[in-house]
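S.K.: Residue strings, one per chain:
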Amino acid sequence: MPSPVPGHRGPGPSPGEVRHHRTAGRRGPTARRRAARTGQYLALLGYLVFLAFPLLWLVSTAFKPPRELASLHPGWIPDHPTLDNFRQAFDEQPLLRSAGNSLIASLAAAVITVAIATPMAYVMARHHRSALSRAATGWIVVSQAFPFVLVIIPLFLVLKEVRLIDSLSGLIMVYVVWSLPFALWMLAGYARAVPRELEEAAAVDGAGRLRVLVSVTMPLLTPGIVATALFAFITAWNEFFFALVLLKSPRKQTMPIILTHFIGTEGVADLGPLAAASLLATLPSLVLFALIQRRITSGTLAGAVKH
Amino acid sequence: MARRQDGTHGAWFLVLPALIPILLLSVGPLLYGIALAFTDSQAGRTDPTQWIGLLNFQDLLRDTLFWESFRIGLVWAVAVSVPQFLLALGLALLLHQDLRFRWLSRALAIVPWAMPEVVVGIMWRLVYHPDAGVLNETLGTHRDWLGSLSTALPAVVVVGIWARLPQVTVTLLAGLSNVPRELHEAAAMDGAGAWRRFRAVTWPAIRPIALAISALSFIWNVNSFALVYVLTGGGPGGRTRLPMLFAYEEAFRYGQFGYAAAMGCVLVAVVSILLAVHLVARLKGDDEA
Chain L
1 MPSPVPGHRG PGPSPGEVRH HRTAGRRGPT ARRRAARTGQ YLALLGYLVF
51 LAFPLLWLVS TAFKPPRELA SLHPGWIPDH PTLDNFRQAF DEQPLLRSAG
101 NSLIASLAAA VITVAIATPM AYVMARHHRS ALSRAATGWI VVSQAFPFVL
151 VIIPLFLVLK EVRLIDSLSG LIMVYVVWSL PFALWMLAGY ARAVPRELEE
201 AAAVDGAGRL RVLVSVTMPL LTPGIVATAL FAFITAWNEF FFALVLLKSP
251 RKQTMPIILT HFIGTEGVAD LGPLAAASLL ATLPSLVLFA LIQRRITSGT
301 LAGAVKH
Chain E
308 MARRQDGTHG AWFLVLPALI PILLLSVGPL LYGIALAFTD SQAGRTDPTQ
358 WIGLLNFQDL LRDTLFWESF RIGLVWAVAV SVPQFLLALG LALLLHQDLR
408 FRWLSRALAI VPWAMPEVVV GIMWRLVYHP DAGVLNETLG THRDWLGSLS
458 TALPAVVVVG IWARLPQVTV TLLAGLSNVP RELHEAAAMD GAGAWRRFRA
508 VTWPAIRPIA LAISALSFIW NVNSFALVYV LTGGGPGGRT RLPMLFAYEE
558 AFRYGQFGYA AAMGCVLVAV VSILLAVHLV ARLKGDDEA
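The listed protein sequences derive, respectively, from chains L and E.
Counted from 1, the first sequence has number 251 at position 251 by the working numbering; the numbering is strictly sequential.
Counted from 1, the second sequence has number 522 at position 215 by the working numbering; the numbering is strictly sequential.
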C-alpha cells in the first residue's frame with residue numbers, strides 16, 4: 001500500500017517528466033506554449049496567495065502591539081513587533097496546563113490506539129477474506145459517515161453513569177475509538193506490504209508463530225506503526241467536539257477548548273493573545289505532520305482505491 | 308472452510324483488544340443512540356425515561372428551525388464540496404506539471420491540513436475582523452463579514468473550501484500518478500487536444516479516487532462542527548447554524564437528548580442515501596469501463 005507516488009517525489013522534476021515536456025515543446029508552437037505556461041504560473045500564484053494570506057495574517061497579528069491592532073489601517077508587517085502577546089496569552093488563560101492536558105490525552109490515545117489496532121490490522125491483512133475482516137472493513141467505512149452527535153449523546157450518558165465525565169480518562173477512551181477506524185485502515189495497509197514469504201521462510205526455519213511475529217513482522221511494521229501513532233496523536237491534539245462536550249471544568253480542558261476562551265461570550269476577542277496562543281497550539285501537530293505527510297497521503301486513500 | 312478456521316483460530320486473541328472497545332464504545336453507543344431517538348430522554352429528568360415511538364420524528368417534521376438548519380447544512384455541504392473538488396482537480400493537474408515553485412505549494416499545503424480546526428476558525432476570524440481584519444483593509448470596505456445576514460454563510464463557505472482544499476488536491480495528485488504516461492503521450496501524438504486527453508486518458512484513471520475523495524469530503528462537510536462553531540457560533544440569526552450545531556445545542560444546552568438523537572438519525576439516513584447513490588454511480592461507471 002505505501003506505493004511510491006510520483007506526486008511526492010520531492011521538488012525536482014524527474015527525468016521522465018523533463019523528457020516529456022521537451023518533446024511536447026518541439027512539436028507545439030512556442031508562443032502558444034509560452035502563453036499556456038504563463039497562465040499556469042498565474043494559477044499557481046493565485047493558489048499560493050489563497051493558501052498563504054490567512055496564515056501570514058495570523059502570524060502578523062500575533063506579533064503586533066495593541067496600538068497597531070487597534071489602528072484603523074492595520075499593516076501586514078508590524079512596525080514594532082513584540083512578544084508581549086505570547087506573554088499575555090499565558091497570563092490570561094491556563095495555556096500551560098491545557099497544553100499538558102492535551103499532551104496527556106493525545107499521547108495516551110496514540111499509544112493505546114496503536115497497541116490495540118496493530119494485532120487486529122495484522123489479522124485483517126493476513127486473512128482479508130475472513131468474515132471478521134469484512135465486518136471490520138464495513139465498520140471502518142460506515143464510521144466515516146456517522147454524525148458524531150449520534151454517538152456522543154449515548155457516550156455522554158454512559159460516561160456520566162460511570163463518572164468519567166470531566167476526566168481525561170473518559171476523553172482518552174473516546175479518542176481511541178475515534179482514531180481506531182483510520183488506524184486499522186493504515187496499519188492493515190502496512191501489514192499487507194510485509195511479504196508473507198519472509199514469515200513463511202522464518203517458520204520453515206523452525207521459528208514459532210510468536211517468534212515470527214516478534215522478530216520478522218514487527219521490525220518491518222515499525223515505520224507504519226510510528227506513522228499511525230503520530231497521526232492518532234495529531235488527531236487527538238486537534239480535536240474539539242468531544243472535548244467540548246466531555247470536559248467542563250477549566251482545569252481539565254484541552255488546548256483547543258482553552259483557545260475559544262480567548263473569544264469572549266460577546267464574540268469580542270483579545271486579538272493579539274488569541275493569535276499568539278493559536279500559533280503555539282498549531283506548532284506540535286504541524287511539526288509531526290510534516291514528518292509523516294507523505295505516508296498518509298500515499299499510504300491511505302490512494303493505496304486503498306488501488307487495491 | 309478448513310483454511311478459514313485455521314485463519315481465525317489463532318487470531319482471536321489478536322483481535323480482541325480492538326474488538327472489545329469497538330463494540331463497547333462505538334457499535335454499542337450507536338445502537339443506544341438510535342434507541343434514544345425513540346425515547347423522551349432529557350437531562351436532569353427525575354421520572355424514568357419512556358418510549359415515545361415516533362413522536363420525536365413527528366416533532367422534527369414540524370420544527371421549522373430544524374428544517375432551516377437542514378437546508379443550510381445541504382447548501383453548505385454542496386457549496387463547499389463542489390467548488391473545492393473542481394479547484395482541487397485543476398490544481399492537481401497543474402501541480403502534476405513540471406513547474407517551478409511546486410515544492411512551495413506542497414510545503415504550504417501541509418499547514419491548513421495539520422492545523423486544528425479551531426485555529427483555522429480563529430485565523431479566519433482575524434481575516435474577516437471588521438476593524439483589524441486584512442480583508443476590509445485590502446478591499447477598502449468596512450463590513451462585518453461574519454456578522455451580517457447576507458455575507459455570513461458565503462464567508463463561512465470560503466473558509467470551508469480553504470480548510471480542506473490541500474487535502475483533496477494532494478489526494479487527486481496521488482491519483483494522477485496512476486495515469487499511464489505512455490498513453491498520454493500516444494494520445495498527444497495522435498493529435499488529441501488537452502480536453503480530449505483529459506476525458507479519454509486522465510479522468511478514467513483517476514475516477515475511482517476522485518469519487519472516493521468527493522464522497523468523503525461531502526460527508527466531512529455534512530458533519531462539520533468546530534470550524535463554524537468558532538467562526539460564528541451558528542449566527543447571525545441562525546444563518547450558519549449547521550445541523551451539527553443545532554443538534555449540539557439541543558442536546559447539551561437544552562438537554563433534549565432524545566430529540567437530538569432523532570436528529571442524528573435523520574442525518575445518518577440522508578448521508579446514507581446520498582452515499583448509496585454515489586456508490587451506485589461508481590459501480591455503474593466501472594461496468595462501462
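Since the hints were made in silico from the structure, they are not lab data.
Since the structure is predicted, the reported quantities are computational estimates derived from the model, not experimental observations.
Using N, Cα and C, we set each Cβ at its ideal position, and we do this for glycine too.
One should not assume that every hint holds.
[Stated by the list, open to error] If we take Cβ atoms under 7 angstroms as the criterion, some of the chain L residues that face chain E in the derived model are:
| hint | residue |
| --- | --- |
| 1 | G46 |
| 2 | A145 |
| 3 | S169 |
| 4 | P284 |
| 5 | L286 |
[What the hints assert, rightly or not] From chain E, some residues computed to sit far from chain L (all C-beta separations above 12 angstroms):
| hint | residue |
| --- | --- |
| 6 | W319 |
| 7 | E375 |
| 8 | W420 |
| 9 | E424 |
| 10 | P461 |
| 11 | V577 |
S.K.: When the hints from earlier in the document are held up against this structure, which numbers fail?
M.R.: Hint check: 1, 3, 4, 6, 8, 9 and 11 fail, others pass.
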